[in-house]
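Engineer: Next come the chains, spelled out residue by residue.
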Amino acid sequence: MQFDCVEVCECAINSAQYYEWTVRHSCDDGAIVSFSGLVREIDSHLKSNRLDTLFLEHYPGLTENSMKMVITDARAKWPLGAVCLVHRVGAMKAKDIIVYLAVSAQHRLAAFEATQFIMDQLKSRVLLWKRVEDESESVWVEVKSSDLVAARRWQD
Amino acid sequence: MAEARLQFFGRLAEFSALVGSSWAIDPLGSTLEDLLVELSSVDPRLAEQIASPQFRVAVNDQIVSLAYLVQPNDRVALLPAVTGG
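Protein chains in written order, with our numbering: chain A, 436 to 591; chain B, 273 to 357.
Chain A extracted, bound-state conformation:
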């Protein structure tokens, strides 16, 4: 059985709640890998290097669709049970969870690899745009070449 949970939300992500969902939908799987992406206070896009607020813009509907497409591609590569992918949008502060991902599979290798694949693809394909702010600046974040390289390494 395969179960997907894909959400975009403006409120704080309760990772325990989504981990619990993944456990309940993992059937007979023996492995769950989970990943939380956090807002970092140190930010080189700002002259101060200190982030006050991170703002994430999305494209309602199409952002969720692009998240689902990444999961579909992961399922074509690995036999996965439950996949839970939640992304926060709007205003956030340091240490807030931006993204939560949990993947279940019968064995750990598939769960680990699929988790890395989904995050690499999310960073280069899912319709989300970051802006960082402090007291004196508001700067849109540039795409990192390392993220594009990470996404391309799965092409074969």
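Just so you know, these hints were derived from the structure itself, not from any lab.
Being a predicted model, the structure only gives us computed values, none of them experimental.
Please note that the accuracy of each hint is not assured.
[What the hints assert, rightly or not] Label pairs and their computed distance ranges (CB to CB):
1) A/Ser571 - B/Ala323: 29 to 35 Å
2) B/Val309 - A/Ala526: 35 to 41 Å
3) A/Phe490 - B/Pro316: 40 to 46 Å
4) B/Ala319 - A/Thr488: 55 to 61 Å
5) A/Gln452 - B/Pro344: 42 to 48 Å
6) A/Cys440 - B/Val336: 39 to 45 Å
7) A/Trp589 - B/Gln343: 40 to 46 Å
8) A/Phe470 - B/Val309: 37 to 43 Å
9) B/Val336 - A/Arg587: 21 to 27 Å
10) B/Ala319 - A/Trp456: 41 to 47 Å
11) A/Met436 - B/Ala274: 47 to 53 Å
12) B/Pro316 - A/His542: 50 to 56 Å
13) B/Gln279 - A/Gln452: 29 to 35 Å
14) A/Arg475 - B/Val309: 34 to 40 Å
[To be verified] So, partial list: chain B residues that the calculated Cβ filter (under 7 Å) puts toward chain A:
15) Gly292
16) Ala330
17) Val354
18) Thr355
19) Gly356
We put the CB at the ideal spot given by N, CA and C, even for glycine.
Fit chain B to the supplied structure of chain A, relying on the hints for placement.
Structural biologist: Positioned in the frame of chain A, the structure of chain B alone reads:
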């Protein structure tokens, strides 16, 4: 005159005031490529964003190719390189 509506996402939002929220479609037909050529002539920084390999366009909430023939009242969303996660 038939027009399409323009939506600017991410860092492209700063160009919405410069470009406007609508675009006149040529009576003989206009593709998205025609639109992007015109927009690229407005500001070199906008041209740079459009030239990025990661730049994409959605019409009425679907990602489409630049050969798409723009229709009256289409919602054309200009999507710069993404930076989520």
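Engineer: Run every hint past the structure and note whether it holds.
Structural biologist: Now for the hints, and whether the structure bears them out:
no.	hint	in the structure
1	A/Ser571 - B/Ala323: 29 to 35 Å	holds, 30 Å
2	B/Val309 - A/Ala526: 35 to 41 Å	holds, 36 Å
3	A/Phe490 - B/Pro316: 40 to 46 Å	violated, 26 Å
4	B/Ala319 - A/Thr488: 55 to 61 Å	violated, 30 Å
5	A/Gln452 - B/Pro344: 42 to 48 Å	holds, 45 Å
6	A/Cys440 - B/Val336: 39 to 45 Å	violated, 28 Å
7	A/Trp589 - B/Gln343: 40 to 46 Å	violated, 36 Å
8	A/Phe470 - B/Val309: 37 to 43 Å	holds, 41 Å
9	B/Val336 - A/Arg587: 21 to 27 Å	holds, 23 Å
10	B/Ala319 - A/Trp456: 41 to 47 Å	holds, 45 Å
11	A/Met436 - B/Ala274: 47 to 53 Å	holds, 49 Å
12	B/Pro316 - A/His542: 50 to 56 Å	holds, 52 Å
13	B/Gln279 - A/Gln452: 29 to 35 Å	holds, 33 Å
14	A/Arg475 - B/Val309: 34 to 40 Å	holds, 39 Å
15	Gly292	violated, 20 Å
16	Ala330	holds, 6 Å
17	Val354	holds, 6 Å
18	Thr355	holds, 5 Å
19	Gly356	holds, 3 Å
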